[in-house]
Amino acid sequence: MTDEALMICIKNDDLEKAGLLYERYKIRLFKYFVYRTFNDQEASKDNVQQVFLRVIKYRKSFKDDGDFKVWLYSIAANVKKKEFISQQQRNNALSAYTVDNSYVTENDNYKLIHEILQRMPVQYREVLTMSKFWGMKYEEIALAQQCSVGVIKTRVYRAVQILRNAYFKLI
Amino acid sequence: MTAREIENSATNYITGNMSEGEKIAFEQMLEQDEKAKQKVNELLLAWNSLEISTDPMIVDEMDHDFYSMLNNQISTHEASKIYRMHPVMYWLISTAAVIIFIIAFFIGKNTASSQEIIKYRVAQIMKPGPVQTKVVKVYLVRNNENKKQNITDQQAPLIAQLQSVYSSKRISAVLAMGHRELNTSYLKALDSALKHDPDPNVQLAILQTLQPKANSYEVQRLLINALPFVQGTVQSSMVDILLEKKSKEAIPEMLTLLNDDNTDYHTQGQIRLGIEEFLN
Chain A
1 MTDEALMICI
11 KNDDLEKAGL
21 LYERYKIRLF
31 KYFVYRTFND
41 QEASKDNVQQ
51 VFLRVIKYRK
61 SFKDDGDFKV
71 WLYSIAANVK
81 KKEFISQQQR
91 NNALSAYTVD
101 NSYVTENDNY
111 KLIHEILQRM
121 PVQYREVLTM
131 SKFWGMKYEE
141 IALAQQCSVG
151 VIKTRVYRAV
161 QILRNAYFKL
171 I
Chain B
1 MTAREIENSA
11 TNYITGNMSE
21 GEKIAFEQML
31 EQDEKAKQKV
41 NELLLAWNSL
51 EISTDPMIVD
61 EMDHDFYSML
71 NNQISTHEAS
81 KIYRMHPVMY
91 WLISTAAVII
101 FIIAFFIGKN
111 TASSQEIIKY
121 RVAQIMKPGP
131 VQTKVVKVYL
141 VRNNENKKQN
151 ITDQQAPLIA
161 QLQSVYSSKR
171 ISAVLAMGHR
181 ELNTSYLKAL
191 DSALKHDPDP
201 NVQLAILQTL
211 QPKANSYEVQ
221 RLLINALPFV
231 QGTVQSSMVD
241 ILLEKKSKEA
251 IPEMLTLLND
261 DNTDYHTQGQ
271 IRLGIEEFLN
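Protein chains in written order, with the numbering used here: chain A, 1 to 171; chain B, 1 to 280.
Isolated chain B (complex conformation) (with noise of 0.2 Å):
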């Protein structure tokens, strides 16, 4: 062995890095060697000099303090548990409260009350002469309609229009509508425009807008269920429109019109001048 194995493996042996059997090994080695042994015993004399002295009373101290502090933490430990749930349950609870939450919601919008809403605005109609004062319900939105009747959404901004409280928006709803193709939904906001429209003008507009297409079996019906709802210019414009269609459907209604002391003497007229023709 060379000087500096020997001192390789006395660094072994002192820091405890030797695995027993090469403990005894070199044990006996150094038995052999008396100047291994003697470098042996020096490394041993200065590694035993790091020794540090403990004083018991601090060490009893440390142990009253780290014996005080663990049975503090148990203690701790132990309350904590008590009250601490369990993770999964944690989770269960969470998740039923998500789901029972998800499921009132739903429940509550398919009861939910689907009542329809109607608003209305109330204005005053002021007449130059003497004063009369009109107070007429405008009808402004109605909810769900649009829903009910399915309509396309190029229609419904004209139908809305026809809404509007302004008369002349209502008009150039009614003269738009003339250049497209009537269908169903346009004919019912037509008719109930006609027979509600406050406006005799917005009236002879759907007039206006409906005799070119008074051919039709469902712009006479419409023309004909709304004579009893209008008057004046507006009713006699109508009467034309139906005599000039040749409509037999209107005669009955005519000749009620006829009867009626309200009618327009004018209108009524007309509707005998009509009805000759008619029989002739």
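Just chain A, with the same shape it has in the complex (with noise of 0.2 Å):
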């Protein structure tokens, strides 16, 4: 079955196939998260958590002819930004305190990773991160942009390109 004749079973209730979508859709939504949320593992399985408890929540608004992967998508970055504003609030609340000494616990590899993407401008990490974690085609990314798919195409080949450079500068 389709991701998208699943979610129409899951819009006409019969909700167990969303342990099908979760199954297929977990490992690419959590490391979404984990790199969206600077390596925080614990944060990203919460939010995958609240992704699939609003695909259910919300399971009428599929349309009939939609593509599921952007619709996930397009919830996916919802959540993300949810979580990035109540961050900033529990940043806010917690800068009166004054800390001594910080540590901050990365692991090699994820280090590596973020100085590549943070060196890259937004609208090329996002189309990368869409088609690393996501899988996603030329035309599914246009779709969620809302962009054409030769502007796709561009970007991609040029997040790619900035991807090799940084890689090889780094290591």
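Because the hints were derived from the structure by calculation, they are not lab data.
No experiment lies behind these values; they were computed from the predicted model shown.
This list has only true hints and no planted wrong ones.
If you want the footprint, here are the derived chain B segments under chain A, 3+ residues with CB under 8 Å:
hint	segment
1	15 to 21
2	41 to 47
3	58 to 66
Note that beta-carbon positions come from the ideal geometry of N, C-alpha and C, so glycine has one too.
Work from the hints to combine the two standalone chains into their complex.
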């Protein structure tokens, strides 16, 4: 069964099918959030939960001719946006306290990736994560970003070039 | 293939934007072109560096959380399905309720009691001299009467004014009627007022209004019928009008008054003289 067919079943209140979609997307969603939360795996786990909760809650809003991957991406992006806002509020609340010593616990693998992606302009970083973590094709990225396929092709090409240059500079 | 074309194809290759046929052709090309192969390997190395390792324990926890949430959602959904009414049923019940309400409203409207309600105000009329108190019922409102008589909008205010508690208003209503054509509803109202109005001035005003039209049969009948209801000056004035118009139909009623001891002495003499003139 395709993702869209499963989603239509869920839309028609066959909620058990959500388990199949979860198995297909859990790892890529998790990785997407790990990257977006700077390797905060606990927060990423909760975000994946939030995404699937919304999939079930807003199942009726899925269009029968819609692309499931694009729809799921839009939900994930919204969850991330909300998480980012609440994170900022927490940081503002904590800024009143001074910390003498702070320690950043990042593994070397992630540190390298983080540095590479941080050097990349936002539009390239976004298409790169959509392609790498979501496995989206050019057409799907274009649909999600509301751009032409040509623009997305160019962005992915440039993002890969920047990635390569940054990678070989850093190692 | 130019370097740019190779890089484009390599990007499509590593990002999974190639069909199976294109992929095989591209891999065959790489086997023959060592330089291109090296470029693609560089890109693949950088691309694979983005891989993030996932902690299996975290993934297990994530699975556990998800299936708990899913089971919870399923049980909530099943429970809500039991109590949820089908939308069509909901609309049917609502429509039936509205229809029943409308039917009940019209049935109630058509079967409601249309009993006539008459309102009276009790007034005490104090007369000078020896204490005399006369209690009269002043006829104020008689509902449905206007509907039954089918009166026009112009007639209604005068007839309503004729039922006022103030004599001055009743007199002005009577005089105003004199300037209009006396139709059945006016005559009926004047007849009632002539018989029942407690103020002789109003009765005299009615006679003044009716006198110019006393040639008509209806007015004469009205005066004859009202004769036993009035007394004194008013009765005397009515006898005058009827004798002047030589109303033969009034003779039996006048003879009754002549033989009635309660009739004013002056009025009896007036009747006697009038009948004699009649006979001569």
